[in-house]
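Peer 1: Each chain, written out:
2 protein chains.
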Amino acid sequence: MTNKIDLILKYSLFLLVFIMLSCNNKETTVIKNKILKDNSNAKEAHPKLILTAQGVKEIRAQLGSIPIFDKTLQSVKEEVDAEIALGIDTPIPVDYSGGYTHVRHKSNMMVMQKAGVLYQILDDEKYAKYVKDMLMQYEALYKTLPLHPKTRSYARGKLFWQCLNDSNWLVYVSQAYDCIYNYLTKEERDTLESNLFKPFADHISVDSPQFYQRVHNHSTWGNAAVGMIGLVMDDQELIDRALYGIKDLKLDANKKDDDGGFLNKDGKAGFLANIEEPFSPDGYYNEGPYYQRYAMYPFLIFAEGLHNLKPELKIFEYKDGVLLKSINALLNLSDADGDFFPLNDGQKGMSYYTSALVTAVDISYHFGTQDPGLLSIAQKQDRVLLDDSGLAVALGIKNNQAKPFTKKSINLSDGPNGTQGGVAILRNEAIELVFKYAAQGSSHGHYDKLSYSLYENGEEILQDYGLSRFVNIEQKGGGNYLKENKTWAKQTIAHNTVTQNETSHFDAKYEVGSQHHSVLNYFTSDNDNVQVASAKETNAYPGTELLRTMAIIKDQDFEKPYVLDIMKIISDKANKYDFPYYFLGQLIQTNFDYKVPATLNPLGSKNGYQHLYIEATANATSENTQLSWLNKGKFYTLTTLTDTNDQLYFTRIGANDPDFNLRREAAFMLRRKNAKNTIFVSTIEAHGSYSPVTESAINSNSNIKQLEVVLNTDAYTAILITNIKGNTKLFITSNKNASKTGKHNVTINDKNYEWSGSYYFK
Amino acid sequence: MTNKIDLILKYSLFLLVFIMLSCNNKETTVIKNKILKDNSNAKEAHPKLILTAQGVKEIRAQLGSIPIFDKTLQSVKEEVDAEIALGIDTPIPVDYSGGYTHVRHKSNMMVMQKAGVLYQILDDEKYAKYVKDMLMQYEALYKTLPLHPKTRSYARGKLFWQCLNDSNWLVYVSQAYDCIYNYLTKEERDTLESNLFKPFADHISVDSPQFYQRVHNHSTWGNAAVGMIGLVMDDQELIDRALYGIKDLKLDANKKDDDGGFLNKDGKAGFLANIEEPFSPDGYYNEGPYYQRYAMYPFLIFAEGLHNLKPELKIFEYKDGVLLKSINALLNLSDADGDFFPLNDGQKGMSYYTSALVTAVDISYHFGTQDPGLLSIAQKQDRVLLDDSGLAVALGIKNNQAKPFTKKSINLSDGPNGTQGGVAILRNEAIELVFKYAAQGSSHGHYDKLSYSLYENGEEILQDYGLSRFVNIEQKGGGNYLKENKTWAKQTIAHNTVTQNETSHFDAKYEVGSQHHSVLNYFTSDNDNVQVASAKETNAYPGTELLRTMAIIKDQDFEKPYVLDIMKIISDKANKYDFPYYFLGQLIQTNFDYKVPATLNPLGSKNGYQHLYIEATANATSENTQLSWLNKGKFYTLTTLTDTNDQLYFTRIGANDPDFNLRREAAFMLRRKNAKNTIFVSTIEAHGSYSPVTESAINSNSNIKQLEVVLNTDAYTAILITNIKGNTKLFITSNKNASKTGKHNVTINDKNYEWSGSYYFK
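Chains as they are written, first to last, in this note's numbering: chain A, 371 to 1132; chain B, 371 to 1132.
Do not take every clue at face value.
[Claimed, not checked] Computed list of lysine to any residue pairs in SDA-like fashion (alpha-carbon distance at most 25 Å, straight line):
| id | chain 1 | residue 1 | chain 2 | residue 2 |
| --- | --- | --- | --- | --- |
| 1 | B | Lys1095 | A | Gly469 |
| 2 | B | Lys718 | A | Asn827 |
| 3 | A | Lys718 | B | Arg1034 |
| 4 | A | Lys718 | B | Gln959 |
| 5 | B | Lys906 | B | Gly785 |
| 6 | B | Lys718 | A | Ser1066 |
| 7 | B | Lys1002 | A | Asn1069 |
| 8 | B | Lys853 | A | Phe962 |
| 9 | A | Lys718 | B | Gly955 |
| 10 | A | Lys965 | B | Gln926 |
| 11 | A | Lys853 | B | Val1063 |
| 12 | B | Lys476 | A | Asn1069 |
| 13 | B | Lys853 | A | Pro967 |
[Said to hold, decoys possible] Computed, partial: chain B to chain A, Cβ under 8 Å:
| id | residue |
| --- | --- |
| 14 | Lys718 |
| 15 | Met720 |
| 16 | Ile843 |
| 17 | Lys846 |
Honestly, the hints are just simulated from the structure, not real lab data. Please read these numbers as outputs of a predicted model, since none were measured by experiment. Using N, Cα and C, we set each Cβ at its ideal position, and we do this for glycine too.
Construct the entire structure; sequences and hints are all you get.
Peer 2: As structure tokens, then:
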């Protein structure tokens, strides 16, 4: 190795001296640049993008003594060896997601990236040869390819049906190319760059501006793809195009994409704009955690490349270090099992076990503050990146530095400047409440202002439906968004919030919704026993003000923390309000009689109502309507304040679902007609357990006797909670001026209450 | 200790000599008996029932060096200490199952049994005192008690609403009493025996003959309760009553119990009859595994007592050792997770983790052949009995003797002599098929001749609904059988078998059903790749013969073993046949078009049909109807032979369910009208996987291109299976004369096939 380097150095020096002696000034400058470029491409400079030459040296020195790294390496080696044994296939593209050619090209990109890494770490040329052979096949194929034959995308790729997947491919393959760069001859590199990489990068950018020139997770992939191959090729034009977008290009501000989102309303584009716009200062990503997870990989892997090769950009410090902050936000947007909350278009089950989060956790650890909590997540993931950051994590674990990653109550602002609402997560013991008062969430947003979902120990109590899509299951609409995503999943009635007059928030109009956001009233998590989030929405229904205050309260008279939910509505006219609870599980008991119809009919004809069957109806008979259910061995009880004019419904999802795309899940719904100003007050208790093995039902009854609104003014709402022992608690929330230090004084039933802060509880 | 024993021996000898010297002959005999009795009640003779004095000695010697035993002891100690700290409560009985007084008395009996054991093992009097104090409270309470105030039972108890629960109590409390026998004074014992135990035993036996004098799991508990207290009290009358039933009592042979079962049709009663009748020679219990598990505890714990105190009965060898055989049968009636198949009235989720199975496994190991497979189940259970058998298991585990308990395909005959049909379980890799061709199954039987359920790795693919009951959840009908158990769960249409003319088998008449059973055609599991069970039912529908042959086939062209299902029907008239598949999960694809109705209507008005909504309908269009679904990350495909007159339905359970007692689960149903002789042929493939974390769908399509009936005669049915590669396999089943050695010869499409055995496959 050193011999080779010596030789190169000698050759370079010789060349430099020769040139300087034989050329005039102008020529010298040109040739000097050429030499510098050649030099940076010389053997010692690759790999340089993600793996670095120095990193490889350190990894090789530690191999065999870093268990989680060694284990990952072994499993990647087995996977790649198996692929090598199967032989290379680069079929002519024909399929949508889930079809053979799609799956094959997707797999190829992954395997190439891994084989490149193995070549570097194991120093075994068979891996380099494999990557080279496959790249050469791609080179031969790519130059023959027209646009992908499937026409559904607004931006068709060549290897895949959409540019998005083409970009995925280039992000991975750039890394593979970097790893075998020096294994290839100059001629081979020139061939690949001229016939494959450069045209590939052009197709997803200058040839597909509607895809590339945006602030959107699709574009982030495009930017990273162009930038990463640019970094490897040392092509400043591509790097600039990646960072700042296509030069001098402005798109029509009114055009929309497949999902109904604006293509480029304000003309911003490029990787840096994609960091600026969608991330709030707290690191919340405007589309929600499911898409953040998806976008995370290109954000971080390209950032790592920029950190290595363009350190002057200080990319990890960009926008006050938002990239690393966003990882912490994302981890906090997962439940006790690590599953991301399915806000907006989110597929349930996606979790921090996904490989993008291995990248995120390792990079966050290595380039951040070496938070020992991240090591415990890496341990759960049970694998690391096979690069410098993975090595750092493996060493941290080896040295017993891992500590539990503790998720606490957290408030994450939304919007580029953190001023467009947010998402609050209240946590106490095993109970987690996710309260959404964010902005629209781009084209993947749902019309669900002030909605929430509730979890116990990672299991859903009241669910957010998530998206209507079976990602990558070809038989279900090619694995793409189903029409029920628009007709059901995005609609307000599909969420645990209020629907007015059977219409969705903003009339389900993206143009309107994307101009507005809810506003935080207050968030407080200082008191371990009472954590509260309160937010207001004034635009979802013009003329109507919604103020929702949600608390998790730990009271010694209760087995587990319970939820208090206060939705205060002020309107300029009488409306019909529908207030559903998407509970999961088996109905156990109600304190009211209900009737089941002989045949099931839909609840309505549009705005999502057409997808709900009415399974039972009742008139509320008492001031406190109560129902209990059992789910996965735990009991839950909803107690909600009703008046005798309220109607109660049990509904089930699945009406007008001609392809069985929807899950047949239940809801309980409260309907209040002809109400102008009104208030919905509920508690949700988690209690007890049932085991089919011991067959014993423990604490299967509610502990709440009564809820009462004892005050409801512009300034304050006060709820009296009486439990079955007869003990009472009073919760007073400040509907305005709710600062932490504000002083309040109010008289209820002749008794005076004084406190400072956002709420009173005693 | 030895000092005490010396003292007692000296005293006894002195007494004996004194008496022999001072009495005449006749008196001597009487008094000798009295002495012998006193002797057997002397300090060295207790505990003797389950724990033995010798066992206690050995346990004490091993304590601290037998991890699983030590751990169980510690956890029992913590539980009992916590109960002692709470204080004793023996409330006046008022509730049904799940209510406070029920739960409290149930808990008391368990805690007393455990405290008794702790007293013996830890030699700490606080436990004896606790049991004594509680027993004295019960003594004071019991003598004041009328019949339990709840009136629903056919045999009301005093502590509980039914004699069954009273019997549970006495089975546990007998053990507690035995453990503290010597801690009590003679006067205390006399008080307890006269005022509590004897009247208690009488109430559940002579005072409740309709409960006691039967062959039924209820009576088994009653027999064991009476027998165990009899053994402790050394009361031969009670012991005889337990073993042989109430002397000289015959019940009305036509009376029925709450569940519609005959009380005592043939006059048999007592513990021995309860072993004779319900167990087949293979150890299958006629009511099915859920009730076997329930009955297992009294069977085994009383047997252990009899073994210890009446060794001359050779109870574990009774009926060719059926009690221990039944444990093996029961373990084989569980899925990969140890959950029992919910045949007949079975609540899902009950598993070999239940405490009755800890008893069963430990006793089977200790009194059986020390099968090392049982030790691995004990390891999973993670606890042992705190007695001699638990010690044996703990020592076996400690000495590393545990081996996996391997469940293979097994055929279990039903009926006292093994001649009343049976249950066959076919297993290959992770696929398990449970095929039921048994007798009625007593009052807990369902009308489901030749039905089956299918599992992959412990997850249901095609489900058996189980019972309609929420055991011990008071809010749901007092925790008892719900009316939907009769109107839905027991009906034929609720099962994966054929319903003729919308009526259930035997017209759902218990009197008729209990006179019949299906008949095995053949069962074969010699070939690892092809396992087959075939059985015939001729009585379910008079004039109609059903012959079902089910195979699990492992074919190298398929990823996993698949099911072949052939239902051949011969009738003397044209009928309508309904053939449902209760699949669980999300519909993915069909090869036919279907229509969904605007409103949901029930499929019928009675016999279970009133509980099914029609969610979609179709006319079969091709010879092979196919549908795929996804459940818990795995894909499944049903391919079934149809003709163009067949109607197809998607149904959902839940119609006419006014209390939300039923689970909203789906089925696909094939309806064939105006058919006389016909055949249903299907395959069910398990294939591929989907992960929401990697979002990749693997092998999501069926591997079957075509099914074809190429021969269907009285003697043979032949199915040609063509896979997507075009490879074919021919399965010929012998419809009669299907012995293992029979020679067969048949010509199909001019080709001759010769084989010996029940089936041909190639």
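Peer 1: Which constraints among the numbered hints does this structure fail? Numbers only, ascending.
Peer 2: The structure breaks hints 7 and 10; every other hint is satisfied.
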